[in-house]
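Engineer: Sequence:
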Amino acid sequence: MSSESQPISPLAFAEAIKELPLSSLYAKVSELRNSISHLTRSNEELRTYIIESEEGPDSPDNKELEAYVVENEEVMQAMAERIRLLKVEVEGRGQRWMEEVLEDGEEDGEEDGEEDGEEEGVDGERIQGEEDSQSTPLVNGISSHESNGVADSRDERRVNGLTNPSNGQIGDEERRADSDDDEGIYL
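With full-length UniProt numbering applied, the sequence shown covers 1 to 187.
Treat the hints loosely; a few may be bogus.
In silico DSS-like links for lysine-lysine, alpha-carbon gap of 27 Å or less [as the list claims (entries may be wrong)]:
#	residue 1	residue 2
1	LYS87	LYS18
2	LYS18	LYS28
3	LYS28	LYS87
To be clear, the hints were calculated from the coordinates, so they are not data collected in a lab.
Based on the provided sequences and hints, a complete structural model is requested.
Structural biologist: Structure (structure tokens):
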């Protein structure tokens, strides 16, 4: 066995995700996109450092940093391939891919008078502004949270079946109430 861990092959990854629930597939996509975003930002910072370095881009230290940038790019390509495999799996189950659902939501929103210049996030996802308080955020076709058939009045978003309070924080009461409702794992 090697002292360095090796990434799972694309074929093994495709086989492993077949058993996962849809919510786990979407969570993995989000995780991979987040990692790609961090690696992209890291590469930009490293390149800026290399260019602005007093030693110059041809110094041994900067050559080593450039090698890390190249390695990061290879990792990002592997992650993009995994996202493609996740898309194939989701669509193979007869489900719609995340961007298709979001695009449908944006088209509906534009009919309601939204401007084309609205700020966009990763992969064209629409970012809800604070001034957009007229409607409850709609993610994956769900606009409110219901518990025991009663709509919750808190401003929440549901992403891939998970409820996220809009401010990203929940209090002790909500945490206790949530723990009574399900048997999820809290990290």
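Engineer: Give a verdict on every hint.
Structural biologist: Quick rundown of the hints versus the structure:
no.	hint	verdict
1	LYS87 - LYS18	12 Å, holds
2	LYS18 - LYS28	13 Å, holds
3	LYS28 - LYS87	11 Å, holds
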